[in-house]
Amino acid sequence: MLILEKNMLTEEIEKLAEQYGNSRASLMPILQAIQIKYNHISDHAQQEIARVLDIHPVEVYGVISFYAFLHAEPRGRNIVRLCKTICCEHAGKDLVEKAIEREIGVKFGETTKDEKFTLEFTSCLGMCDQGPAMMINNEIYTKLDPEKACEILSTIK
Amino acid sequence: MLTVENRPKRDGIILFSDYKAGSGIRRSVEMGRENVLFELRESKLKGRGGAGFSTATKWMLTAAASGEIKYIVCNADEGEPGTFKDKVLLTEYPDLVFDGMVVAGFTIGAKKGLVYLRGEYVYMLKSLERYLDRMRTYNLLGKNILGKEGFDFDIEIRLGAGAYVCGEETALIESLEGHRGEPRNRPPYPVNTGYMGCPTVVNNVETLASVPNILIKGGAWFAKHGTDKSTGSKLFSISGDCKKPGVYELPWGITIDEVLKIVEAENTKAVQVGGASGSCIPKKCFDRKLAYEDAATGGSIMIFNESRNMLNVLKNFMEFFVEESCGQCTPCRVGNVKLLEGIEMIENNEYTFRYINQLKDLCKTMQLASKCGLGQSSPNSFLSILENFKEEIFFKNGNGVYHG
Ligand SMILES: Cc1cc2nc3c(=O)[nH]c(=O)nc-3n(C[C@H](O)[C@H](O)[C@H](O)COP(=O)(O)O)c2cc1C
Ligand code: SF4
Ligand code: FES
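From first to last, the protein sequence lines stand for chains A and B.
Sequential numbering from 2 applies to the first sequence in my numbering.
Sequential numbering from 19 applies to the second sequence in my numbering.
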């Protein structure tokens with residue numbers, strides 16, 4: 002990382018701490034903000050967050066590793082999360098899964114070379130009456146079929 | 019006047035009935051705290067999040083707990099597979115949910131309410147924030163609410179980050195405090211030692227949403243609905259093999275058969291009541307009642323027809339628990355993995371009945387020795403599916419594969 006980028010990240014984290022408050026309870030909102038912007042929380046970001054909140058960096062890492070939506074390793078710019086819980090499975094998730102893998106060219110659990118997509122499974126999204134369902138970044142898409150799922154992916158930048 | 023945008027037409031006796039935003043709060047101010055607690059007790063409202071604890075008692079304990087600062091937390095983590103009714107309340111009936119929170123704040127003496135919204139529901143965050151802003155404009159939040167001197171209360175929404183166990187109230191509090199979402203030992207209970215060590219009420223979305231109508235129409239009116247032990251109505255999230263899946267408000271005590279008729283389910287083989295941590299009910303028991311005293315549920319009803327492979331259903335649930343166990347205690351961390359391995363042995367025809375019986379004993383150990391409800395209830399599906407679908411799983415074609 003360039004020094005300039007590092008400084009920017011530090012500044013950003015300090016601003017977030019100001020916004021949410023300089024306490025431990027602000028850790029999650031700060032991590033979520035960094036995750037959304039950079040798709041992961043880098044070592045440097047972890048150290049800076051620890052410094053600003055006055056906790057050990059290992060504490061920060063411990064929290065990141067606990068939550069499925071927080072990542073220490075870089076991910077694709079768009080994270081696709083397909084529901085694999087039983088109602089979606091019964092509604093045809095397997096066909097959607099295969100179609101997405103063919104279309105995007107990587108398997109679930111992987112990231113594309115151009116870092117555009119990471120494919121993941123997730124547990125029930127609360128859309129069980131409208132399955133199969135998937136989440137792309139912050140949006141949820143329901144009643145998928147193989148063609149519809151691929152069409153949606155083709156509109157993602 | 020404060021209204022909710024785009025409320026679709028739904029039918030129900032309590033939650034899905036007409037309600038004027040803010041009226042529950044106004045009523046609570048007119049009545050005073052003691053009378054709010056009195057009506058709540060009359061209503062016999064029990065928690066809708068699963069455990070079914072008396073709401074009046076929980077509020078009373080927190081109101082009586084010593085401490086200047088108190089909190090009300092709305093549990094909107096809704097992670098139980100097959101549950102999506104809190105989503106409907108939050109998106110279509112935010113007035114009921116937030117008015118319920120304000121009433122709770124007034125009654126227990128909290129100045130702050132927190133909503134713990136599951137990360138998967140981030141898409142509704144903006145519209146919820148907008149609604150809260152409008153409540154502020156109408157002085158339903160903020161300082162001296164509705165002109166009542168000293169009635170200050172506001173609500174903040176916090177996002178979860180994809181961990182089912184954070185729905186457990188002590189894990190949820192850990193998460194709110196910025197820690198890993200690992201359940202705490204109880205006691206102490208949140209009513210005494212909750213968020214930031216302060217007395218805290220944690221209530222499910224639906225529990226809170228039930229409160230405004232109880233105040234307006236009376237506890238006795240509420241208690242007239244449902245059964246003696248399960249008063250009022252319940253939102254059921256119904257999914258799976260039926261023509262009309264969705265969220266229904268139905269009185270407690272309705273039988274599974276009746277529900278299946280309403281949603282037009284055909285050739286039903288099994289109904290999973292209470293999500294992955296609930297139990298699987300076979301056809302011969304469809305006359306059972308949905309109620310705290312019979313087939314209890316936080317609202318998840320998943321329907322499986324004759325074509326479904328029940329071992330596969332069970333495997334899906336156990337994979338869920340292996341992934342979602344926080345790993346803090348051994349019975350749950352190791353137990354769920356062992357149960358899943360057992361299922362794979364059955365699948366591959368590599369099991370012995372002696373070993374399966376040992377796994378059933380392990381289930382009992384997990385139910386007794388796990389630290390939180392996740393490990394205590396994950397064996398439910400294992401036990402009920404292996405018992406109720408024994409024939410399909412062990413006897414068909416001489417192996418575990420069902421050719422249906
Ligand atoms: C693993 C686990 C997950 C839970 N998830 C939720 C949940 O998503 N929503 C909820 O309201 N309660 C959930 N609960 C129950 C809560 O611990 C708690 O009992 C409930 O929020 C209390 O609210 P109530 O009295 O209004 O039901 C969960 C419990 C366990 C053990
Ligand atoms: S029962 Fe499971 S989820 Fe609960 S504390 Fe133990 S390991 Fe964690
Ligand atoms: S099972 Fe897929 S959204 Fe619930």
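Errors might be hidden in some of the hints.
[Stated by the list, open to error] Short derived list, chain B residues pointing at chain A, Cβ under 10 Å:
{"hint": "1", "residue": "V47"}
{"hint": "2", "residue": "G50"}
{"hint": "3", "residue": "G100"}
{"hint": "4", "residue": "Y141"}
{"hint": "5", "residue": "S145"}
{"hint": "6", "residue": "L146"}
{"hint": "7", "residue": "E147"}
{"hint": "8", "residue": "A179"}
{"hint": "9", "residue": "E267"}
{"hint": "10", "residue": "Q290"}
{"hint": "11", "residue": "N334"}
[Unchecked claim] These stretches of chain B come out as covered by chain A in the derived footprint (C-beta under 8 Å, 3 or more residues):
{"hint": "12", "segment": "129–140"}
{"hint": "13", "segment": "252–265"}
{"hint": "14", "segment": "270–282"}
{"hint": "15", "segment": "358–367"}
Just so you know, the hints here were simulated from the structure itself, not pulled from any lab data.
Idealized CB from N, CA, C, for every residue including glycine.
Checked hints:
1. Interface hint status for V47/B: violated, as the beta-carbon distance to the closest one in chain A is roughly 30 Å, over 10 Å.
2. Evaluation of the G50/B hint against chain A yields a violated restraint, the C-beta minimum of about 32 Å exceeding 10 Å.
3. A hinted interface residue such as G100/B counts as satisfied when its beta carbon comes closer than 10 Å to some beta carbon of chain A; here the least separation is about 5 Å, so the hint holds.
4. Taken as an interface hint, Y141/B checks out: its beta carbon lies about 6 Å from the nearest beta carbon of chain A, inside 10 Å.
5. Among the interface hints, the one on S145/B is violated; its C-beta lies about 13 Å from the nearest C-beta in chain A, farther than the 10 Å criterion.
6. A least Cβ separation of about 14 Å between L146/B and chain A goes past the 10 Å threshold, and the interface hint is therefore violated.
7. Taking 10 Å as the C-beta contact cut-off toward chain A, the hint placing E147/B at the interface is violated, the least distance being around 14 Å.
8. Using the Cβ-Cβ criterion of 10 Å, the hint placing A179/B at the interface with chain A is satisfied: the shortest such distance is roughly 4 Å.
9. The criterion of a C-beta within 10 Å of any C-beta in chain A is not met by E267/B, whose closest approach is roughly 15 Å, and the hint is violated.
10. Hint status for Q290/B: holds, given a least beta-carbon distance of 8 Å to chain A, under 10 Å.
11. Because the closest C-beta pair between N334/B and chain A is about 4 Å apart, less than 10 Å, the hint holds.
12. Taking a C-beta to C-beta cut-off of 8 Å, the segment 129–140 of chain B contributes 5 residues in contact with chain A, enough for the three needed, and the coverage statement holds.
13. Residue count for the segment 252–265 of chain B with a Cβ under 8 Å from a Cβ of chain A: 8. That meets the three needed, and the coverage hint holds.
14. A count of 0 residues in the segment 270–282 of chain B with a Cβ less than 8 Å from any Cβ of chain A is obtained; the coverage claim is therefore unmet, three being the minimum.
15. Three residues within the 8 Å Cβ limit are the bar, and the segment 358–367 of chain B against chain A gives 0, so the coverage statement is violated.
Comparing the model with each earlier hint shows violations of hints 1, 2, 5, 6, 7, 9, 14 and 15; every other hint is respected.
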